[in-house]
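Peer 1: Below, each chain spelled out in residue letters.
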Amino acid sequence: GQQLNQSPQSMFIQEGEDVSMNCTSSSIFNTWLWYKQDPGEGPVLLIALYKAGELTSNGRLTAQFGITRKDSFLNISASIPSDVGIYFCAGQRAGRSGNKLVFGAGTILRVKS
Amino acid sequence: DSGVTQTPKHLITATGQRVTLRCSPRSGDLSVYWYQQSLDQGLQFLIQYYNGEERAKGNILERFSAQQFPDLHSELNLSSLELGDSALYFCASSVGGAPYGYTFGSGTRLTVV
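In the order they appear, the protein sequences are chains P and B. For the first sequence, the working numbering begins at -13 and goes up steadily by one. For the second sequence, the working numbering begins at 18 and goes up steadily by one.
FYI, nobody ran anything at the bench for these hints, they're computed from the structure. Since we're looking at a predicted model, the values are computed, not measured. Treat the hints with caution; some may be incorrect.
Unchecked claim - Here are the computed distance ranges between Cβ atoms for each label pair:
{"id": "1", "chain 1": "B", "residue 1": "Val112", "chain 2": "P", "residue 2": "Ile14", "range": "18 to 28 Å"}
{"id": "2", "chain 1": "B", "residue 1": "Arg126", "chain 2": "P", "residue 2": "Pro67", "range": "19 to 29 Å"}
{"id": "3", "chain 1": "B", "residue 1": "Pro87", "chain 2": "P", "residue 2": "Phe(-2)", "range": "48 to 58 Å"}
{"id": "4", "chain 1": "B", "residue 1": "Val130", "chain 2": "P", "residue 2": "Arg46", "range": "39 to 49 Å"}
{"id": "5", "chain 1": "B", "residue 1": "Thr128", "chain 2": "P", "residue 2": "Ile14", "range": "34 to 44 Å"}
{"id": "6", "chain 1": "B", "residue 1": "Phe86", "chain 2": "P", "residue 2": "Pro25", "range": "29 to 39 Å"}
Even glycine gets a Cβ: it sits at the ideal position worked out from N, Cα and C.
Model the full structure from these sequences, guided by the hints.
Peer 2: Pasting the structure below:
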C-alpha cells in the first residue's frame, strides 16, 4: 500500500490561480521527487530534491524538501490550462535494497479557463 | 519521447491467459523498474533489475515474473490473469546507483476480460 500521504486528492481551480499540494510520510526519504502524468502517458519528472530544506524552482513550479525529510510540497504559480493532469510526489531511499520510488496517490488538477 | 520504449501499448486478453510486456530502457540506463498503476491503488512498485540481476522486489504477485536480458531490455510476464490484473503497467529506467529519479515509458494498458 501507499506510504506517502498526498493531499489534496483533487483540485479544481481558476486559470491564473496559484496551486499548492503536499506529501507527508512517517518515514525519512533521501530524495523527494514530483512527477506529472498526462492522460495516456507515463509520469514525467518535474522537480527533484536531494537535500533537507532545499527549495527548487522549475519555471512556475517550486518545490521544497522538508527539513524533517518526511515531507515535501509543490507550488504552481499562475496556473494555465496545460497544467491539468495528475501530480505525484515520490520518495526515494538509496540503499542496498535498490532505488525504488514510493509514490503518493496523486493530486488531480483541473483548471477552469 | 522519453527514451524508454514499452510494447505493446494496449493488450486485451482473457482470464487465465498469459502475457508478456516488453521494455527497452533509455540508452545507458542499467536499471529497469516495473510499476503497476490501477485506479484504486495508484503506482505500485513491482520489481527492479540492475544490469541483469534482480535488485529489489515490491508487491509483485507470484503469478508475475520478470527478467532483464544481456542487452538490458526487460520483460514482465503475467500469468493466470484475473480481472483485477487490468491496469497500466509502466516500465522506468535509471542509470542506477545514484539517487536520481526515473524516466518512465508510456505504459502498457492491460485489459483482462
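Peer 1: Give a verdict on every hint.
Peer 2: Structure-based check of all given hints:
| no. | hint | result |
| --- | --- | --- |
| 1 | B:Val112 x P:Ile14: 18 to 28 Å | holds, 23 Å |
| 2 | B:Arg126 x P:Pro67: 19 to 29 Å | holds, 25 Å |
| 3 | B:Pro87 x P:Phe(-2): 48 to 58 Å | holds, 49 Å |
| 4 | B:Val130 x P:Arg46: 39 to 49 Å | holds, 42 Å |
| 5 | B:Thr128 x P:Ile14: 34 to 44 Å | holds, 38 Å |
| 6 | B:Phe86 x P:Pro25: 29 to 39 Å | holds, 31 Å |
Of the numbered hints given earlier, the model fails none.
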